[in-house]
Amino acid sequence: MAETKKPARPLSPHLTIYRPQLTSISSILTRITGNALLVGALLVVWWFVAAATSPEYFAFADAVITSWLGDLIMFGSLWAVWYHTLAGVRHLIWDNAIGLELATAHKLGWAVVYGSFGLTAVSALIILAL
Amino acid sequence: MRYLTDRKRVDGLGSAKTGTAHFWAMKTSSVALLLLIPLFVFMFGAMLGKPHDQVVAFFSRPLPAIVVALTLIVGFEHFKSGVHVLIEDYVHGMAQKIWIIAMTCLSYAAMAVGLFAIAKIAL
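Which chain is which? The protein sequence lines are Z and F, in order.
Sequential numbering of the first sequence, starting at -2, is according to this note's numbering.
Sequential numbering of the second sequence, starting at 137, is according to this note's numbering.
Note that these hints are calculated values from the structure, not bench results.
Be a bit skeptical, because a hint or two may be false.
Claimed, not checked - Okay, the calculated bits of chain F under chain Z, using three or more residues with CB under 8 Å as the criterion:
1. 161 to 167
2. 176 to 182
3. 194 to 208
4. 211 to 223
As the list claims (entries may be wrong) - A few chain Z residues that don't get close to chain F, going by computed Cβ distances all over 12 Å:
5. P7
6. L8
7. T20
8. R28
9. G96
10. G106
11. A121
All C-beta atoms in this analysis are idealised placements derived from N, C-alpha and C, irrespective of residue type, glycine included.
Input sequences plus hints: build the corresponding full structure.
Encoded structure:
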């Protein structure tokens, strides 16, 4: 292998130098929600394992996940999953080179944000009623 | 060994040619999850906090059991590919490799454990 020395090149401006915008924040949130969903997903897997194990162990796991902290994680995950879903739909639209104009991109961004709040509220109420 | 620089060796070869496959895997799994996630959310949400016998009876039925199994498979596959890109963006060198391998193992382990659980409940 030829020896390569890394010259000291100037770096492009870092993320922190930019003013936060709807497009950047909604994009970053897609990544955060998607990866943070691991916590809720692992809890759900544990809940199924408990259900497959015994009624006593299920009662314990179910109590943990429906405790105030469990409820908080599950409610947060509910919002995260709707946000990530809507942001994913936005990407599926963008993949066709549609909606990339700044004005449309902004509208889509707000649709994802408010849509995620709406879906979270409606689905939480439905789940509570079930 | 030929007298070639690293640059000359790869020049004109294009990318590693796996980016398209990764993109397509994310696209197909995301469309599948578009259907699976709402079904899963309401099925799991309805059963969370319910008595054990009711939970087992519900997830023994074909549709809920199949939805749970598919969501575990497609969901953790999608997560595995997504977290891969996250790690590639922020972690570099040996740590990057370790993190990608660890998260891939975790994804498949969680998928397998979940599938075992739903199989035990349903069958």
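Grab the minimum beta-carbon distance between R28/Z and chain F and tell me whether it stays above 12 Å.
It is violated; R28/Z is separated from chain F by about 6 Å at its closest Cβ, not greater than 12 Å.
At a Cβ distance under 8 Å, does chain Z reach at least three residues of the stretch 161 to 167 of chain F?
holds (count 3)
Is the claim that T20/Z lies outside the interface with chain F correct, judged by CB distances over 12 Å?
Nearest chain F Cβ is 18 Å from T20/Z, so the label holds.
Taking 8 Å as the C-beta cutoff, is the stated coverage of the stretch 176 to 182 of chain F by chain Z satisfied by three or more residues?
Result for this restraint: holds, n = 5.
A cut-off of 12 Å on Cβ-Cβ distance, and G96/Z was said to be off the interface with chain F. Does that hold?
16 Å, holds
L8/Z: least C-beta distance to chain F exceeds 12 Å?
At roughly 14 Å from the nearest Cβ of chain F, L8/Z sits farther out than 12 Å, so the non-interface label holds.
Quick check: the stretch 194 to 208 of chain F, covered by chain Z? Criterion 3+ residues, Cβ under 8 Å.
This one holds; 3 residues, not fewer than the three required, reach chain Z with a Cβ under 8 Å.
Report holds or violated for chain Z covering the stretch 211 to 223 of chain F, Cβ cut-off 8 Å, minimum 3 residues.
With 6 residues closer than 8 Å to chain Z, the stretch 211 to 223 of chain F meets the three-residue bar; holds.
Assertion that P7/Z lies farther than 12 Å from chain F (Cβ):
Holds: least Cβ distance 19 Å, greater than 12 Å.
Against chain F, does G106/Z keep a CB gap of more than 12 Å to every residue?
18 Å, holds
Holds or violated: is the Cβ of A121/Z farther than 12 Å from all Cβ atoms of chain F?
A121/Z is in fact no farther than 12 Å from some Cβ atom of chain F, at 8 Å.
Of the numbered hints listed earlier, those contradicted by the structure are 8 and 11.
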